[in-house]
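*Asks:* Letter by letter, the chains look like this.
There are 2 protein chains.
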Amino acid sequence: MNTSTAFRTDRYELTMLEAAITHGTADTPCMFEAFGRRLPGARRYGVVAGIGRLLERIRDFRFADAELTWLAENDVVNASAIDWLANYRFSGDVWGYADGEAYFPESPLLVVESSFGEGVLLETLILSILNYDSAVATAATRMVTAAAGRPLAEMGSRRANEDAAIAASRAAYIAGFSATSNLEAGRTWGIPTMGTAAHSFTLLHENEEEAFRAQVATAGPGTTLLVDTYDIAAGVETAIRVAGTELGAIRLDSGDLPTLVVDVRNQLDLLGAHNTKITVTSDLDEYAIATLRTAPVDSYGVGTSLVTGSGSPAAGLVYKLVARQDGNGDWVSVAKASAGKRSVGGRKYATRVRDENGLARQEKVYVGLGPEEANSIPASERPLLERLITAGEIDERHLGASGTSRAREHHAMVRAELPADAYRLGRGDPALPTTFA
Amino acid sequence: MNTSTAFRTDRYELTMLEAAITHGTADTPCMFEAFGRRLPGARRYGVVAGIGRLLERIRDFRFADAELTWLAENDVVNASAIDWLANYRFSGDVWGYADGEAYFPESPLLVVESSFGEGVLLETLILSILNYDSAVATAATRMVTAAAGRPLAEMGSRRANEDAAIAASRAAYIAGFSATSNLEAGRTWGIPTMGTAAHSFTLLHENEEEAFRAQVATAGPGTTLLVDTYDIAAGVETAIRVAGTELGAIRLDSGDLPTLVVDVRNQLDLLGAHNTKITVTSDLDEYAIATLRTAPVDSYGVGTSLVTGSGSPAAGLVYKLVARQDGNGDWVSVAKASAGKRSVGGRKYATRVRDENGLARQEKVYVGLGPEEANSIPASERPLLERLITAGEIDERHLGASGTSRAREHHAMVRAELPADAYRLGRGDPALPTTFA
Numbered sequence: 001m002n003t004s005t006a007f008r009t010d011r012y013e014l015t016m017l018e019a020a021i022t023h024g025t026a027d028t029p030c031m032f033e034a035f036g037r038r039l040p041g042a043r044r045y046g047v048v049a050g051i052g053r054l055l056e057r058i059r060d061f062r063f064a065d066a067e068l069t070w071l072a073e074n075d076v077v078n079a080s081a082i083d084w085l086a087n088y089r090f091s092g093d094v095w096g097y098a099d100g101e102a103y104f105p106e107s108p109l110l111v112v113e114s115s116f117g118e119g120v121l122l123e124t125l126i127l128s129i130l131n132y133d134s135a136v137a138t139a140a141t142r143m144v145t146a147a148a149g150r151p152l153a154e155m156g157s158r159r160a161n162e163d164a165a166i167a168a169s170r171a172a173y174i175a176g177f178s179a180t181s182n183l184e185a186g187r188t189w190g191i192p193t194m195g196t197a198a199h200s201f202t203l204l205h206e207n208e209e210e211a212f213r214a215q216v217a218t219a220g221p222g223t224t225l226l227v228d229t230y231d232i233a234a235g236v237e238t239a240i241r242v243a244g245t246e247l248g249a250i251r252l253d254s255g256d257l258p259t260l261v262v263d264v265r266n267q268l269d270l271l272g273a274h275n276t277k278i279t280v281t282s283d284l285d286e287y288a289i290a291t292l293r294t295a296p297v298d299s300y301g302v303g304t305s306l307v308t309g310s311g312s313p314a315a316g317l318v319y320k321l322v323a324r325q326d327g328n329g330d331w332v333s334v335a336k337a338s339a340g341k342r343s344v345g346g347r348k349y350a351t352r353v354r355d356e357n358g359l360a361r362q363e364k365v366y367v368g369l370g371p372e373e374a375n376s377i378p379a380s381e382r383p384l385l386e387r388l389i390t391a392g393e394i395d396e397r398h399l400g401a402s403g404t405s406r407a408r409e410h411h412a413m414v415r416a417e418l419p420a421d422a423y424r425l426g427r428g429d430p431a432l433p434t435t436f437a
Numbered sequence: 001m002n003t004s005t006a007f008r009t010d011r012y013e014l015t016m017l018e019a020a021i022t023h024g025t026a027d028t029p030c031m032f033e034a035f036g037r038r039l040p041g042a043r044r045y046g047v048v049a050g051i052g053r054l055l056e057r058i059r060d061f062r063f064a065d066a067e068l069t070w071l072a073e074n075d076v077v078n079a080s081a082i083d084w085l086a087n088y089r090f091s092g093d094v095w096g097y098a099d100g101e102a103y104f105p106e107s108p109l110l111v112v113e114s115s116f117g118e119g120v121l122l123e124t125l126i127l128s129i130l131n132y133d134s135a136v137a138t139a140a141t142r143m144v145t146a147a148a149g150r151p152l153a154e155m156g157s158r159r160a161n162e163d164a165a166i167a168a169s170r171a172a173y174i175a176g177f178s179a180t181s182n183l184e185a186g187r188t189w190g191i192p193t194m195g196t197a198a199h200s201f202t203l204l205h206e207n208e209e210e211a212f213r214a215q216v217a218t219a220g221p222g223t224t225l226l227v228d229t230y231d232i233a234a235g236v237e238t239a240i241r242v243a244g245t246e247l248g249a250i251r252l253d254s255g256d257l258p259t260l261v262v263d264v265r266n267q268l269d270l271l272g273a274h275n276t277k278i279t280v281t282s283d284l285d286e287y288a289i290a291t292l293r294t295a296p297v298d299s300y301g302v303g304t305s306l307v308t309g310s311g312s313p314a315a316g317l318v319y320k321l322v323a324r325q326d327g328n329g330d331w332v333s334v335a336k337a338s339a340g341k342r343s344v345g346g347r348k349y350a351t352r353v354r355d356e357n358g359l360a361r362q363e364k365v366y367v368g369l370g371p372e373e374a375n376s377i378p379a380s381e382r383p384l385l386e387r388l389i390t391a392g393e394i395d396e397r398h399l400g401a402s403g404t405s406r407a408r409e410h411h412a413m414v415r416a417e418l419p420a421d422a423y424r425l426g427r428g429d430p431a432l433p434t435t436f437a
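Protein chains in written order, with our numbering: chain Y, 1 to 437; chain S, 1 to 437.
This is chain Y alone, in the form it adopts within the complex (with noise of 0.2 Å):
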C-alpha cells in the first residue's frame, strides 16, 4: 500500500464525478458541509476530534500512477475522469471547527468550498475520520467528568483495530486522558506511552514474588505491580515485601472494585506503604468510574468502551451539499427532503453565545453567513469555525504532536465554559439549543 489515500473512498463518489465531467458540471462552485443530525447516545454535548488528521490525510489525497492504472482496468471510471483526476489536487477552501470543541445537533462542524469534484470526492475520507475520531472524543469527555480530577490513561488498542487505535489514543488525550499505552500514538502525536506488565508475565515465573523481583530489578521501585494473578491480598503483601513502602501503585484489572480497592488501601496503609498508588484497569466506563469517585483509587485505565465510542463507536456525522452556484454565478441553496432525513440548504457560520459569566447558553448558526463577513458578530459569541484550509494550502497549526497539544489545551477551555448540564451521565438533551439566525 503507497501513501496516498485517494482510495480510502466510495466507488460513488468517483462515478459521480465522472457524470458531472461528462455533464460539465464538475467545476460548479459548490458547498458542502458535515454536521450530526443528532448527538451520539443522547448525550449531552460532542467533541470534535480527528481535525488534524483530517488535514494530514487530505494532503496526501492524491492519485498517482498506482491508482490510476487501478482505475482504468477495473473500468471504475472513464478516460475523462482519470485524467481529471492525474490532476487532482484539493485547491479550495476548508472551514471548520477546531479539534477538542464542543458541538451540538446542526453544527456545522465542517464547511467545504470548492467546485463540486473537489468536493465530492472528500466525503468518505471526511466522514471516516470525524466519525470515528470524534465518537472516541465525545465518550472520553465524560470519562474525565466521572474521574473528577483523576487522571486517566488510554489502553484500548487491543480492542480496536490498530489503526483505529492510534486514532483513539489522539482523541482521547484530546479529550483530557493523560497518557496512552500504544507506542505509536506517542510517536506521531506526542501523547505519554505508559504501561509496566500483563498477568503473562507473572505466570512466566515460577511465582509471584520472582516475578515483582525481576519487575523491580529492571524498573526501580517506582514500577506499578499487577496484584491480581493469584491472590490479591498475598499480592499486594509480596509486592510491598518485594519492592519496600516506596512502591510507586499497584494494578487491578478484576474484581469488585469499589469494596476491593478500600480493602487494599487499608492493606497497604497496614504495611506503611502510604504513598503507594492505587491503579484501576478492568472493564472501566463512564459509570464505573463514576461509581469509584468516593473510592480511594489514585488513576484509571481503561480500554474498550473508550476505543468503541461507550455504546456509540460512530458519531453519525454526515457529508451533504448545502449550495452550488447557478448559471447566473448566484449561490443556490440546496437540500434533501427524505423522511427523517431533512437538510437545513445554505452557507453557514456558527458560534457559542456566552452570558455575563462566559457560560455558554447557546449554539447559534448563521445560514447564508460566511466567515468572512462574521467581524459583525456581537463580542459575546464565540465564532467556531477556524480556518483550515485556504485556496488548498494548509493551516500546519493543527497538524501533527503541536496541533493535538493545542486541541487538548483548546478542550479544556471549552469544557470549562459549557453549563453545569453538560456534565450529567444519564441520557438527555443537548446541554445547550440549536438555534438558527
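Careful: at least some of the hints might be erroneous.
Some chain Y residues near chain S, calculated using beta-carbon distances under 10 Å [as the list claims (entries may be wrong)]: (1) 16; (2) 19; (3) 30; (4) 131; (5) 155; (6) 216; (7) 229; (8) 254; (9) 337; (10) 375; (11) 379.
It is worth saying that the hints were derived from the structure and are not from the lab.
Quick reminder that beta carbons are idealized off the backbone N, C-alpha and C, glycines included.
Starting from the known structure of chain Y, arrange chain S on it as the hints suggest.
*Replies:* Same frame as chain Y, but now just chain S:
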C-alpha cells in the same frame, strides 16, 4: 509513518521484554493462546477474521532505526532490550483457526509457540486485528442469514476509521457479503466494488430529471438511480421516463421500507419496469433486513451497523500465556485465577465434532495435545487449527486477495455445517457446546 507495524503495540509488551531479558527469562519457550471467554452480544457463533491481515502485519513487525532511536530517546527500554529488538523477527510457530471459521467460547483461535520475548511482543497486534475483524465478521454472517440469499453490499467506510474500513470490507466479504463501496478494499483484497450516486449529485442539478439524465448518459441505463431526494413516487416516475423500462435498479435510502418497497415495486411494474431492481440502504442491521424478508427487495447495502459489529464493536478476545518450559525443559501449564477472568492453562488443539449427517455438534478442545499429535483424532472430527507460521515462515495461502477468496469459500462451508440453532438472531446460548478432552 514507515511500513513497520512494530509500534502498533502497547508499551508494556516492551517493558516486560526488558525485565525478562535482564532476568534471563526472555528466551524461555512459551505457548500463548488467543480466545474469547464468551461470544460477542450473546450470539450463537462467532466468525474468525483478520488472520490473513495479521500474518502480513507480523511480517512487517520489525524494529528499524526509526523505532530503535525513538525507544532510546524516550527511555522506554534499556540498551540490552534495544539490541534484542534490533534483531527481532518472529521465528516461532503459529497455529490458528482459518479466516472464515466459526468459533465458540474457549475455542483456541490462535496458538503461538515461541520464546517469551517473541510471543509477548505480538499480543497487542494480534488482539487489535482479531478483535475488530472478528467483530465485523460475526455481525456480517448474521446479516447474510437475515438476507436469505439476497446479495448484500458493504458500504460502511464513512462510519469507521479510514483504515479500519478496509479491514471491515474484508471481514464482511469473508462472511458472505458480495461487494464493497471501498476502493482500497477492492484493490487490496480483490473484493468487487460498487456504487453509483449520492443525494449530492441530484442536488447539484436544477432538478432530479437533469441529474438522472446526466447519470444515465455516463453510466448507461443499467445504473442504479437514487430516487428519494425529494418525492419518491415522482422520483421513480422520472427515473423510468429518463432511463427507460430497462433501468438497472432504483435505490431507497429513507422511509418506512417494508411498506415503501411494496409501493415502489407496484409502481415500477405498472410502469412496465419489471426488470428494474430495488436496493435499500437506510440504516440497516440484521433485524431490519429480516423484517424485509417478504418484501420485494432485491439487494441490501449495509453501513454503520456492519462496521461497528452491530452492537458489539470488539469481539472480546484475549491473549494469554498458557504454558512455559521449566528449567528441566518440561512444559508447565499456567493460568491466572483472577475473579471472573479464569483461564484454562496448557497447550490446546481443537476439532469440530460432526454427526452422521455432517452437522456440527460440539466444539472439542483437547488440552495438552499439539497439532503434531492430532493424527489420532477420529474422522468425524474436523481439525480446526491450521498451520499459519512455521519457524517464522508465513504460509502464503492465507495472504492477499487469494487468501481472502479462499476464506470466503471456507466460511460458506463452515456455515452450512452448523445446526439450525446457529441461525437464530435472538440473544442466547452458543449453538455448540465447548467440551474439554
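*Asks:* Can you give the numbers of the hints that this structure goes against, from lowest to highest?
*Replies:* Result: hints 10, 11 break, sorted rising.
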